[in-house]
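**Student:** Just need the whole structure built from these sequences, with the hints factored in.
Protein chains: 2
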Amino acid sequence: MTKYVHGYSEREALRLAEQADTLEELLHYDTIYPPGAKVLEAGCGIGAQTVILAKKNPRAEITSIDVSLDSLEKARENVKRNSIENVRFLQADIFYLPFEEESFDHVFVCFVLEHLQNPSEALTRLKKVLKPGGTITVIEGDHGSCYFYPEGEEALAAWNCLIRVQAVMRGNSLIGRQLYPLLLGSGFSEVKVEPRMVYVDSSKPELVDGFILKTIIPMVEGVKKQALETQMIKEETWNKGIAELHETARPTGTFCYTFFKGRAGK
Amino acid sequence: MTKYVHGYSEREALRLAEQADTLEELLHYDTIYPPGAKVLEAGCGIGAQTVILAKKNPRAEITSIDVSLDSLEKARENVKRNSIENVRFLQADIFYLPFEEESFDHVFVCFVLEHLQNPSEALTRLKKVLKPGGTITVIEGDHGSCYFYPEGEEALAAWNCLIRVQAVMRGNSLIGRQLYPLLLGSGFSEVKVEPRMVYVDSSKPELVDGFILKTIIPMVEGVKKQALETQMIKEETWNKGIAELHETARPTGTFCYTFFKGRAGK
Chain A
242 MTKYVHGYSE REALRLAEQA DTLEELLHYD TIYPPGAKVL EAGCGIGAQT
292 VILAKKNPRA EITSIDVSLD SLEKARENVK RNSIENVRFL QADIFYLPFE
342 EESFDHVFVC FVLEHLQNPS EALTRLKKVL KPGGTITVIE GDHGSCYFYP
392 EGEEALAAWN CLIRVQAVMR GNSLIGRQLY PLLLGSGFSE VKVEPRMVYV
442 DSSKPELVDG FILKTIIPMV EGVKKQALET QMIKEETWNK GIAELHETAR
492 PTGTFCYTFF KGRAGK
Chain B
242 MTKYVHGYSE REALRLAEQA DTLEELLHYD TIYPPGAKVL EAGCGIGAQT
292 VILAKKNPRA EITSIDVSLD SLEKARENVK RNSIENVRFL QADIFYLPFE
342 EESFDHVFVC FVLEHLQNPS EALTRLKKVL KPGGTITVIE GDHGSCYFYP
392 EGEEALAAWN CLIRVQAVMR GNSLIGRQLY PLLLGSGFSE VKVEPRMVYV
442 DSSKPELVDG FILKTIIPMV EGVKKQALET QMIKEETWNK GIAELHETAR
492 PTGTFCYTFF KGRAGK
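Chains A and B, in that order, give the protein sequences. Count along the first sequence from 1, add 241, and you get the number used in the working numbering. Count along the second sequence from 1, add 241, and you get the number used in the working numbering.
By construction, these hints were calculated from the structure, which means they are not laboratory data. Among these hints, one or two may not hold up.
For chains that are exact copies, the list does not tell them apart, and a pair is met inside one copy or across any two.
To be verified - Under the rule of at most 30 Å between Cα atoms (straight-line distance), these lysine-lysine pairs were calculated in the BS3-like manner:
| # | residue 1 | residue 2 |
| --- | --- | --- |
| 1 | K445 | K368 |
| 2 | K507 | K445 |
| 3 | K369 | K445 |
| 4 | K481 | K466 |
| 5 | K481 | K279 |
| 6 | K321 | K279 |
| 7 | K297 | K368 |
| 8 | K296 | K369 |
| 9 | K369 | K465 |
| 10 | K372 | K445 |
| 11 | K296 | K481 |
| 12 | K465 | K475 |
| 13 | K368 | K475 |
| 14 | K296 | K433 |
**Tutor:** Okay, here's the thing in structure tokens:
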């Protein structure tokens, strides 16, 4: 498993929670499973999506796994704080799943494949533990889908550091556009992928705050250390880039980013 | 007025008609005006959008203007061929409108601002001929919103030629993301901008054909001459780029492009 590009800091935990709150409706309005369904959440991290998944599906039986014990600890607290009782946690690796074949009705994977060296292999493994007639849901971002106004040269340079740091760590932050061929290539059927675009201008102050200022800019800032240490960018350029990104949050600015949600059957 | 970047060839006329057919629902499902409304279409070109506008609003009184007599001629034929009778054509420049102030209920502008050196000034002029309480609708693309899979280096280079040729001709093919500040800055009120994203994968054969193969690739090929003559790109790179763009139309390919539709009041 690739080391998680965004790190495991407190600020990162906050960012993930903020992100989940802001994007909840856009990404999850249709993440609905029937009562009693056995759902595997693969790569739950600190539980930001787990909470949404469980609240939206209070009568589903959710099993959430992650490789990181630290993250699982936070996920447990997160779930407890929200008085959720239909989730069990398990430390496990997607590539070595400790489940019998065909043991889940549905599999749910959110913001995980982008961090894996071999997402196709991960999907194949997940398919094995899925019952025939079951579904897989995959949600991923695509950093190449991002553009904004004004679009300063340094802001673009800082943004590209995010893509490159992830590439250095063998992840793929451009994976959203690739969901369709990935799911198809892993043998799933009835593959359907939808873009879920976030468009922000100053008529939507909650997205200016929740998405640009509290999700996107902190995410970029999260790779500052790696970007500077590996000399991808000069500190002066970096600082100017971050300042320019803040301009997109002004009344004359706009910001676009697209997530992709894929669903397929077995 | 800037010279029209795509030229005025027969193939271009076909491309515009194809584009309009494919994107009609996405862009125009809500382009609806009340019976009797006086609508100004500014920059009608060969009438590709005029036909849609008139068909969707058979009881509106549409005035369509363009600077090019040649284009107007084709627009007239286009409208006649479709048995449309609620459109009158006029040769006129957006920057020197031959209308009294406040003479239209609605103004409609589609794929025009991107070709102008001063889109903000154009909006201000259009605002003058709009009645108080009237609306303006503006639809534009954004070439920076385009990404695809697989994303070959040469395909990106060819695509960037399209952006650069338009920039050389003093247009702005990245204008979609800018609609909100442009409309706001020109004094319109209640500005609302929505992205209209086209996502294509092989589960949508009609978009693979109508959008990737018949709209996007011909549009890129339309700047080949200028790109090669101004030595933006080598012919070998160009040809490889076009071949790579065709790969996005295969079963394993995907393609994304976003239009923006803005509406505002006076």
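**Student:** For each hint, tell me whether it holds in the structure or not.
**Tutor:** Consistency of the hints with the structure:
| no. | hint | verdict |
| --- | --- | --- |
| 1 | K445 to K368 | between (39 Å within a copy, 24 Å between copies) |
| 2 | K507 to K445 | between (39 Å within a copy, 21 Å between copies) |
| 3 | K369 to K445 | between (43 Å within a copy, 28 Å between copies) |
| 4 | K481 to K466 | within (16 Å within a copy, 38 Å between copies) |
| 5 | K481 to K279 | neither (48 Å within a copy, 48 Å between copies) |
| 6 | K321 to K279 | within (20 Å within a copy, 60 Å between copies) |
| 7 | K297 to K368 | within (23 Å within a copy, 47 Å between copies) |
| 8 | K296 to K369 | within (27 Å within a copy, 52 Å between copies) |
| 9 | K369 to K465 | neither (39 Å within a copy, 49 Å between copies) |
| 10 | K372 to K445 | between (42 Å within a copy, 28 Å between copies) |
| 11 | K296 to K481 | neither (41 Å within a copy, 50 Å between copies) |
| 12 | K465 to K475 | within (10 Å within a copy, 36 Å between copies) |
| 13 | K368 to K475 | neither (44 Å within a copy, 45 Å between copies) |
| 14 | K296 to K433 | within (25 Å within a copy, 32 Å between copies) |
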